[in-house]
Amino acid sequence: MKSKRPVIGITPGFDYENNRMFINRGYCEPISLSGGMPVLLPITGDEELLSEMIESFDGFLLSGGPDVDAMHWGECNFKFNGEISPYRDGMELFIARQAIAKDKPVLGICRGMQVMNIAMGGTIYQDIYSQNKDKELIKHSQDAPKWYPTHKVTAQMGSKVYNAHEKDIISVNSFHHQAVRDVAPGFMVTAFSGDGIIEAIEHTVCRFAVGVQWHPELMWEKDPSFLKLFKVFVDHTDNN
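Numbering (the working numbering), first residue to last: -2 to 237.
Hints should not be assumed to be uniformly reliable.
[Unchecked claim] Below are the DSS-like pairs computed for lysine-lysine, each with C-alpha atoms no more than 25 Å apart in a straight line:
| no. | residue 1 | residue 2 |
| --- | --- | --- |
| 1 | Lys143 | Lys225 |
| 2 | Lys149 | Lys164 |
| 3 | Lys164 | Lys130 |
| 4 | Lys132 | Lys149 |
| 5 | Lys164 | Lys228 |
| 6 | Lys136 | Lys149 |
| 7 | Lys143 | Lys228 |
| 8 | Lys164 | Lys143 |
| 9 | Lys76 | Lys149 |
| 10 | Lys130 | Lys76 |
| 11 | Lys136 | Lys99 |
| 12 | Lys225 | Lys132 |
| 13 | Lys136 | Lys219 |
| 14 | Lys136 | Lys228 |
| 15 | Lys149 | Lys130 |
| 16 | Lys225 | Lys1 |
| 17 | Lys1 | Lys76 |
| 18 | Lys228 | Lys1 |
| 19 | Lys164 | Lys225 |
[Claimed, not checked] Quick list of the computed label-pair ranges, beta carbon to beta carbon:
| no. | residue 1 | residue 2 | range |
| --- | --- | --- | --- |
| 20 | Leu46 | Asp235 | 18 to 26 Å |
| 21 | Met18 | Glu133 | 38 to 46 Å |
| 22 | Lys76 | Glu26 | 31 to 39 Å |
| 23 | Asp179 | Ser48 | 24 to 32 Å |
Hints in this document: simulated from the structure, not taken from any laboratory. Source: prediction; values computed, not measured. Backbone N, C-alpha and C define an ideal beta-carbon position, used for all residues, glycine too.
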(Lines of atoms letter the chains of each structure in order from A and count residues from 1; the text may use other names and numbers.)
(Lines give C-alpha, C1' and ligand atoms only; values in the text may rest on other atoms or scores of the structure.)
Protein backbone atom coordinates (compact mmCIF):
# COMPACT_ATOMS: atom_id res chain seq x y z
CA MET A 1 0.00 0.00 0.00
CA LYS A 2 1.30 3.46 -0.86
CA SER A 3 2.13 5.61 2.13
CA LYS A 4 1.00 8.82 0.48
CA ARG A 5 -0.04 10.38 -2.77
CA PRO A 6 2.71 11.81 -5.00
CA VAL A 7 2.80 15.59 -4.54
CA ILE A 8 2.62 17.46 -7.84
CA GLY A 9 3.54 21.14 -7.92
CA ILE A 10 1.51 23.17 -10.41
CA THR A 11 2.77 26.54 -11.61
CA PRO A 12 0.05 29.21 -11.36
CA GLY A 13 -0.95 32.14 -13.46
CA PHE A 14 -0.23 35.59 -12.06
CA ASP A 15 -2.43 38.66 -12.24
CA TYR A 16 -0.06 41.65 -12.02
CA GLU A 17 -2.83 44.24 -11.74
CA ASN A 18 -4.47 42.57 -8.73
CA ASN A 19 -1.32 40.91 -7.35
CA ARG A 20 -2.87 37.45 -7.17
CA MET A 21 -2.11 33.90 -8.25
CA PHE A 22 -4.68 31.64 -9.90
CA ILE A 23 -5.11 28.29 -11.59
CA ASN A 24 -7.95 26.67 -13.51
CA ARG A 25 -9.61 23.72 -11.80
CA GLY A 26 -8.97 21.61 -14.89
CA TYR A 27 -5.28 21.31 -14.00
CA CYS A 28 -5.89 20.10 -10.46
CA GLU A 29 -8.72 17.60 -10.83
CA PRO A 30 -6.92 15.28 -13.30
CA ILE A 31 -3.95 15.05 -10.93
CA SER A 32 -6.27 14.08 -8.07
CA LEU A 33 -8.14 11.57 -10.22
CA SER A 34 -4.81 10.08 -11.27
CA GLY A 35 -3.74 9.44 -7.69
CA GLY A 36 -1.65 12.56 -7.12
CA MET A 37 -1.93 15.50 -4.74
CA PRO A 38 -2.03 18.79 -6.68
CA VAL A 39 -0.38 21.74 -4.93
CA LEU A 40 -0.31 25.28 -6.28
CA LEU A 41 3.25 26.60 -6.19
CA PRO A 42 4.00 30.13 -4.95
CA ILE A 43 5.23 32.71 -7.44
CA THR A 44 8.80 33.39 -6.37
CA GLY A 45 12.21 34.28 -7.72
CA ASP A 46 13.96 32.84 -4.64
CA GLU A 47 16.13 30.10 -6.17
CA GLU A 48 16.92 28.60 -2.76
CA LEU A 49 13.21 28.15 -2.11
CA LEU A 50 12.68 26.80 -5.63
CA SER A 51 15.51 24.31 -5.13
CA GLU A 52 13.91 23.10 -1.91
CA MET A 53 10.58 22.66 -3.71
CA ILE A 54 12.25 20.65 -6.45
CA GLU A 55 13.73 18.33 -3.82
CA SER A 56 10.46 18.05 -1.89
CA PHE A 57 7.93 17.56 -4.69
CA ASP A 58 7.46 14.37 -6.69
CA GLY A 59 6.65 16.03 -10.01
CA PHE A 60 5.79 19.32 -11.68
CA LEU A 61 3.07 20.50 -14.03
CA LEU A 62 3.99 23.62 -16.01
CA SER A 63 0.65 25.19 -16.89
CA GLY A 64 -0.46 27.23 -19.87
CA GLY A 65 -0.34 31.00 -19.92
CA PRO A 66 1.07 34.07 -21.68
CA ASP A 67 4.00 34.37 -24.09
CA VAL A 68 7.59 33.89 -23.00
CA ASP A 69 10.04 36.81 -23.14
CA ALA A 70 12.13 36.26 -26.27
CA MET A 71 15.28 37.34 -24.44
CA HIS A 72 15.36 33.85 -22.94
CA TRP A 73 16.35 32.38 -26.29
CA GLY A 74 18.42 35.33 -27.50
CA GLU A 75 15.91 37.28 -29.58
CA CYS A 76 14.31 40.70 -29.33
CA ASN A 77 10.57 40.74 -28.74
CA PHE A 78 8.93 41.29 -32.10
CA LYS A 79 5.70 43.24 -32.52
CA PHE A 80 3.63 40.05 -32.67
CA ASN A 81 4.87 38.76 -29.30
CA GLY A 82 2.10 39.28 -26.74
CA GLU A 83 1.75 39.62 -22.99
CA ILE A 84 4.70 38.25 -21.00
CA SER A 85 5.04 37.32 -17.33
CA PRO A 86 8.60 37.87 -16.04
CA TYR A 87 7.83 36.28 -12.66
CA ARG A 88 6.63 33.09 -14.32
CA ASP A 89 9.41 33.04 -16.92
CA GLY A 90 12.21 33.01 -14.36
CA MET A 91 10.51 30.59 -12.01
CA GLU A 92 9.35 28.08 -14.60
CA LEU A 93 12.61 28.04 -16.56
CA PHE A 94 14.46 27.30 -13.29
CA ILE A 95 12.02 24.53 -12.35
CA ALA A 96 12.20 22.94 -15.81
CA ARG A 97 16.02 22.90 -15.87
CA GLN A 98 16.45 21.60 -12.34
CA ALA A 99 13.62 19.07 -12.43
CA ILE A 100 14.88 17.55 -15.68
CA ALA A 101 18.45 17.50 -14.36
CA LYS A 102 17.23 15.63 -11.26
CA ASP A 103 14.98 13.30 -13.27
CA LYS A 104 11.81 14.60 -11.62
CA PRO A 105 8.74 14.04 -13.83
CA VAL A 106 7.57 17.17 -15.65
CA LEU A 107 4.45 17.70 -17.74
CA GLY A 108 4.31 20.91 -19.76
CA ILE A 109 1.04 22.11 -21.28
CA CYS A 110 1.03 24.70 -24.10
CA ARG A 111 3.27 27.46 -22.67
CA GLY A 112 4.68 24.81 -20.35
CA MET A 113 5.92 22.79 -23.31
CA GLN A 114 7.55 25.89 -24.78
CA VAL A 115 9.19 26.72 -21.44
CA MET A 116 10.67 23.19 -21.23
CA ASN A 117 12.16 23.53 -24.68
CA ILE A 118 13.62 27.00 -24.02
CA ALA A 119 15.00 25.92 -20.63
CA MET A 120 17.02 23.15 -22.25
CA GLY A 121 18.43 25.27 -25.07
CA GLY A 122 15.75 25.26 -27.76
CA THR A 123 13.80 28.10 -29.37
CA ILE A 124 10.18 28.86 -30.17
CA TYR A 125 8.33 30.85 -32.80
CA GLN A 126 7.20 34.18 -31.41
CA ASP A 127 4.29 33.90 -33.82
CA ILE A 128 3.78 30.87 -36.03
CA TYR A 129 1.78 32.78 -38.66
CA SER A 130 4.22 35.65 -39.11
CA GLN A 131 7.25 33.35 -39.12
CA ASN A 132 5.87 30.65 -41.44
CA LYS A 133 4.78 32.72 -44.41
CA ASP A 134 5.97 30.08 -46.86
CA LYS A 135 3.22 27.63 -45.91
CA GLU A 136 -0.49 27.64 -45.15
CA LEU A 137 -1.13 26.98 -41.46
CA ILE A 138 -4.32 25.66 -39.97
CA LYS A 139 -6.13 27.61 -37.25
CA HIS A 140 -4.28 27.11 -33.97
CA SER A 141 -6.31 29.50 -31.80
CA GLN A 142 -9.87 28.26 -31.92
CA ASP A 143 -13.12 30.13 -31.42
CA ALA A 144 -14.97 26.90 -30.64
CA PRO A 145 -15.73 25.87 -27.03
CA LYS A 146 -12.53 25.18 -25.15
CA TRP A 147 -13.24 21.47 -24.75
CA TYR A 148 -13.96 20.95 -28.45
CA PRO A 149 -11.26 19.35 -30.67
CA THR A 150 -10.65 21.44 -33.78
CA HIS A 151 -7.71 19.70 -35.45
CA LYS A 152 -5.77 16.45 -35.42
CA VAL A 153 -2.19 15.63 -34.46
CA THR A 154 -0.16 12.59 -35.40
CA ALA A 155 1.70 10.97 -32.50
CA GLN A 156 4.86 8.93 -32.94
CA MET A 157 4.29 5.25 -32.27
CA GLY A 158 5.89 4.16 -29.00
CA SER A 159 6.00 7.67 -27.52
CA LYS A 160 4.44 8.42 -24.14
CA VAL A 161 1.75 10.51 -25.84
CA TYR A 162 0.97 7.64 -28.21
CA ASN A 163 0.92 5.09 -25.38
CA ALA A 164 -1.36 7.28 -23.25
CA HIS A 165 -3.92 7.64 -26.03
CA GLU A 166 -3.27 4.21 -27.57
CA LYS A 167 -3.51 5.66 -31.07
CA ASP A 168 -1.51 7.79 -33.46
CA ILE A 169 -4.21 10.24 -34.59
CA ILE A 170 -5.49 12.41 -31.74
CA SER A 171 -8.14 15.12 -32.09
CA VAL A 172 -7.16 18.09 -29.93
CA ASN A 173 -8.12 21.64 -29.01
CA SER A 174 -5.81 24.56 -29.76
CA PHE A 175 -5.10 27.96 -28.15
CA HIS A 176 -1.68 29.23 -29.18
CA HIS A 177 0.21 31.44 -31.61
CA GLN A 178 3.66 30.36 -30.42
CA ALA A 179 5.20 26.91 -30.79
CA VAL A 180 8.47 25.01 -30.56
CA ARG A 181 10.84 25.93 -33.39
CA ASP A 182 14.32 24.46 -32.77
CA VAL A 183 14.02 21.40 -30.55
CA ALA A 184 16.32 21.46 -27.52
CA PRO A 185 19.11 18.89 -27.16
CA GLY A 186 17.80 15.82 -25.35
CA PHE A 187 14.25 16.20 -26.66
CA MET A 188 12.57 14.58 -29.62
CA VAL A 189 9.38 15.53 -31.43
CA THR A 190 6.58 13.05 -30.78
CA ALA A 191 3.57 14.73 -32.40
CA PHE A 192 2.91 17.10 -35.32
CA SER A 193 -0.18 18.82 -36.64
CA GLY A 194 -0.97 18.45 -40.32
CA ASP A 195 0.76 21.72 -41.22
CA GLY A 196 4.02 20.64 -39.59
CA ILE A 197 3.74 22.57 -36.32
CA ILE A 198 5.31 20.66 -33.43
CA GLU A 199 2.60 19.52 -31.03
CA ALA A 200 4.50 17.32 -28.52
CA ILE A 201 8.06 16.80 -27.34
CA GLU A 202 9.55 14.20 -24.98
CA HIS A 203 12.93 13.93 -23.32
CA THR A 204 14.96 10.94 -24.46
CA VAL A 205 16.69 10.29 -21.12
CA CYS A 206 14.45 11.52 -18.29
CA ARG A 207 11.81 9.09 -17.11
CA PHE A 208 9.06 11.61 -17.89
CA ALA A 209 9.56 15.07 -19.37
CA VAL A 210 6.71 15.56 -21.82
CA GLY A 211 5.24 18.69 -23.37
CA VAL A 212 2.01 18.95 -25.34
CA GLN A 213 0.80 22.00 -27.24
CA TRP A 214 -2.89 21.30 -26.74
CA HIS A 215 -4.88 21.63 -23.50
CA PRO A 216 -5.93 18.26 -22.06
CA GLU A 217 -7.00 20.00 -18.84
CA LEU A 218 -9.88 21.54 -20.83
CA MET A 219 -10.89 18.29 -22.54
CA TRP A 220 -10.89 15.47 -20.00
CA GLU A 221 -14.39 16.12 -18.65
CA LYS A 222 -15.91 15.72 -22.12
CA ASP A 223 -13.43 13.06 -23.26
CA PRO A 224 -11.99 10.92 -20.42
CA SER A 225 -9.24 9.64 -22.72
CA PHE A 226 -7.42 12.92 -22.01
CA LEU A 227 -7.04 11.85 -18.37
CA LYS A 228 -4.62 9.14 -19.47
CA LEU A 229 -1.64 11.45 -19.98
CA PHE A 230 -2.07 12.83 -16.45
CA LYS A 231 -2.24 9.24 -15.14
CA VAL A 232 0.95 8.26 -16.97
CA PHE A 233 2.62 11.40 -15.59
CA VAL A 234 1.66 10.65 -11.98
CA ASP A 235 2.60 6.98 -12.43
CA HIS A 236 6.18 7.99 -13.28
CA THR A 237 6.80 9.57 -9.85
CA ASP A 238 8.85 7.81 -7.16
CA ASN A 239 5.76 7.30 -5.02
CA ASN A 240 4.14 5.08 -7.66
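What's the verdict on Lys164 and Lys228, does the C-alpha distance respect the 25 Å limit or exceed it? 16 Å, holds
Please work out if Lys136 and Lys99 have their alpha carbons no farther apart than 25 Å. 37 Å, violated
Straight-line Cα separation of Lys143 and Lys225 no greater than 25 Å? Within the cut-off at roughly 19 Å; holds.
> Hey, Lys136 versus Lys219, does the alpha-carbon distance stay inside 25 Å?
Replying inline: 22 Å, holds
ask   = Are the Cα atoms of Lys225 and Lys132 separated by 25 Å or less?
value = 33 Å, violated
Need the status of pair Lys225, Lys1: alpha-carbon distance at most 25 Å? The given pair, whose Cα atoms are some 21 Å apart, holds under the 25 Å limit.
TODO: Starting from Lys136, check that the Cα of Lys228 is at most 25 Å away, please.
DONE: Violated: Lys136 and Lys228 sit about 29 Å apart, past 25 Å.
(message) I want to verify a distance hint. Is the separation of the beta carbons of Asp179 and Ser48 within 24 to 32 Å?
(response) About 28 Å separates the Cβ atoms of Asp179 and Ser48, which means 24 to 32 Å holds.
Pairwise hint evaluation, Lys225 against Lys164, where the allowed Cα distance is 25 Å at most
Holds, at about 12 Å.
Does Lys130 sit within 25 Å of Lys149, going by the straight-line distance between their CA atoms? Judged against 25 Å, a Cα distance of about 21 Å means the pair holds.
### Message
Please verify whether Lys1 and Lys76 have alpha carbons no more than 25 Å apart.
### Response
Violated - the C-alpha atoms of Lys76 and Lys1 are around 48 Å apart, more than 25 Å.
Quiz item: Within a Cα-Cα threshold of 25 Å, do Lys132 and Lys149 meet the stated pairing?
Solution: 18 Å, holds
Violated hints for the displayed structure, listed by number in ascending order: 3, 9, 11, 12, 14, 17.
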